[in-house]
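Undergrad: One-letter residues, chain by chain:
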Amino acid sequence: MNNLLIFFKRYSHIFLFIALEAVAVILIVQNSYYQSSKLISWCNSIAGSCYSQVSSVSGYFKLAETNRQLISENARLREQLESSYIQYNKKVFEVNDTVYKRKYSYIEAQIIKNSYNRRCNYIMINKGTLHGVKTDMAVMSPQGIVGIVVNTTRNFATVMSVLHPDSRNSVKVKRTNISGSLVWNGKDFRYGTLIDIPTTHKLRKNDTIITSGFSQEFPEGIVVGFVESATQNSGDGFYTVKIRLATDFNKINFVYVINNSFYQEQQILNRQMEECDEQQTDNQ
Amino acid sequence: MNSKLIINNTLRFVLLIAFQVLVLNNVYLGVDVSPVVYILFILMLPTNCNKMLLLILSFVAGLCVDMFSNSLGFHTFAATFVGLLRIVFANRIITQDDREIETPSIRTADMKQFSFYTIILTAIYNFIYLMLVSFDMSEIFHVLFLTLVNTLVTYVIILMLQVLFTRKRDL
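Those protein sequence lines, which keep their order, are chains A and B.
When we follow our numbering, the leftmost residue of the first sequence carries the number 1, and every step to the right adds one.
When we follow our numbering, the leftmost residue of the second sequence carries the number 1, and every step to the right adds one.
Simulated from the structure, these hints should not be mistaken for laboratory data.
Some hints could be false.
Calculated cross-link-like contacts (lysine to aspartate or glutamate; reagent style EDC-like; alpha-carbon spacing at most 16 Å) [as the list claims (entries may be wrong)]: (1) Lys-38(A) - Glu-139(B); (2) Lys-51(B) - Glu-100(B); (3) Lys-242(A) - Asp-196(A); (4) Lys-38(A) - Asp-136(B); (5) Lys-242(A) - Asp-207(A); (6) Lys-103(A) - Glu-220(A).
Interface residues of chain A toward chain B, partial, derived using beta-carbon atoms under 8 Å [said to hold, decoys possible]: (7) Ser-12; (8) His-13; (9) Leu-16; (10) Glu-21; (11) Ala-24; (12) Val-25; (13) Leu-27; (14) Ile-28; (15) Asn-31; (16) Tyr-34; (17) Lys-38; (18) Tyr-263; (19) Gln-267.
All C-beta atoms in this analysis are idealised placements derived from N, C-alpha and C, irrespective of residue type, glycine included.
Could you build the full structure based on these sequences and the hints that come with them?
TA: Put into structure tokens, the structure is as follows:
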């Protein structure tokens, strides 16, 4: 204690000096804006670097908690991903437009079971009645036509592809607008057959064949394939045309189901026509 | 003797600060060239002066100059620092063989020693003062240059005052 007092007495002028200099610094800081702002920013930068050092160390202690937060955030974000949702409602809805009424709407679907090398080929897609897929709807791939929906369940649908002996679609030659029918001879999935093409207009190789729009299912203009070779039937004035199908059934993955909004109306007329036919045949 | 010393120092204090603030602060010698001749008051305080008193007198002298030159704190800081330097080592420069000097001057001390003593303290004073004013480490070379110029000018003026106003006998 005594030593301490001696120490203070001996160096009292140092303390006085510090006090006086402190007064001078206070005077400077209070009266000179430039010096004080520089001093403050200098102090802040020192404090800031100290804090960043401290936080770089103390950050490790919070790692567990931070990880937990990140995991929960990841889970929350993952929940928002589209892939986390199963589509539960119709995705297709109509816009009420008074000038244009949409005739065709498209439902995208993924093929979950494909077949192309059998006699009767069916494709299964992952959309069903829940998503608005109904029987007799047309199905197309990005490259061209695929087939017609023949069966639907709640979440799935079966598509009869054009690679089926019963499949018969109305098509036309794009260049000449001559229409005919697309069938399949059951041999090669790469090629289809056109029948009922009159020989009045010559065909060329690689002529594009598109859907005619005469059927209720397909809109006009979907690419069907390209003319490979044509043989004239003996006896009648029609071609039998071998066409290269635009759709590569080996590789398709995603397809669109085409919904015709006026299908029911057209179907009513069809039915009436059929009834007329039946009455006529009955009368005969 | 002692009262004479007090009167002399008081007179020197008033005259030097008046000279500093009324004359030197209004003389234009160049950009940022401002000799600080009032420091002579601190330099000429007795070597055996009370340490506390020396510090307080340095502080007050600086404060007075600050008040008149509208730069509160800058001269005070530098002057107080010079006061401390006098206590810490400067006294030893001019005192020969432990003989205390009442009024350090070119008459009472050796010319070379007094010049060294004056130049080193003036240089430190100017450096601190200019550094405080610029307050920017990137300007340190400019500050050093100004320190050199100001120190030389101050030293010349101090020398002239010494020659003119001190007699062979102690004041």
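Undergrad: It remains to establish, for every hint, whether it holds in the given structure.
TA: Consistency of the hints with the structure:
The straight-line distance between the Cα atoms of Lys-38(A) and Glu-139(B) is roughly 14 Å, inside the 16 Å bound, and the hint therefore holds. At roughly 14 Å between alpha-carbon atoms, Lys-51(B) and Glu-100(B) fall within 16 Å of each other, so this suggested pair holds. For the given pair, Lys-242(A) sits about 12 Å from Asp-196(A) by alpha-carbon distance, which is consistent with the 16 Å threshold. Only pairs whose Cα atoms come within 16 Å are accepted, and Lys-38(A) paired with Asp-136(B) is accepted, the gap being roughly 8 Å.
With a C-alpha separation of about 11 Å, the suggested pair Lys-242(A) and Asp-207(A) falls inside the 16 Å cut-off, and the hint holds. For the suggested pair Lys-103(A) and Glu-220(A), the alpha carbons sit about 12 Å apart, so the restraint of at most 16 Å is met. For the restraint placing Ser-12(A) at the interface with chain B, the shortest Cβ-Cβ distance is roughly 7 Å, inside the 8 Å limit, so the hint holds. The interface hint given for His-13(A) holds, since its Cβ lies 4 Å from the closest Cβ of chain B, which is under the 8 Å cut-off.
Nearest Cβ of chain B to the Cβ of Leu-16(A): about 5 Å, under the 8 Å cut. The hint holds. Against a cut-off of 8 Å between C-beta atoms, the interface hint on Glu-21(A) holds, since the closest Cβ of chain B lies about 6 Å away. Annotation: Ala-24(A) was flagged as interfacial toward chain B, and the flag holds, the nearest CB pair being 4 Å apart, inside 8 Å. At about 7 Å, the closest approach between the beta carbon of Val-25(A) and any beta carbon in chain B falls short of 8 Å, and the interface hint on this residue holds.
Evaluation of the Leu-27(A) hint against chain B yields a held restraint, the C-beta minimum of about 3 Å falling below 8 Å. Because the smallest distance between the Cβ of Ile-28(A) and any Cβ of chain B comes to about 3 Å, under 8 Å, the interface hint for this residue holds. Nearest Cβ of chain B to the Cβ of Asn-31(A): about 4 Å, under the 8 Å cut. The hint holds. The interface hint given for Tyr-34(A) is met, as the beta carbon of that residue sits about 7 Å from the closest beta carbon of chain B, less than 8 Å.
Because the beta carbon of Lys-38(A) sits about 5 Å from the nearest beta carbon in chain B, less than 8 Å, this interface hint is met. With its C-beta approaching chain B no nearer than about 82 Å, Tyr-263(A) sits outside the 8 Å limit, and its interface hint is violated. Because the beta carbon of Gln-267(A) sits about 88 Å from the nearest beta carbon in chain B, more than 8 Å, this interface hint is broken.
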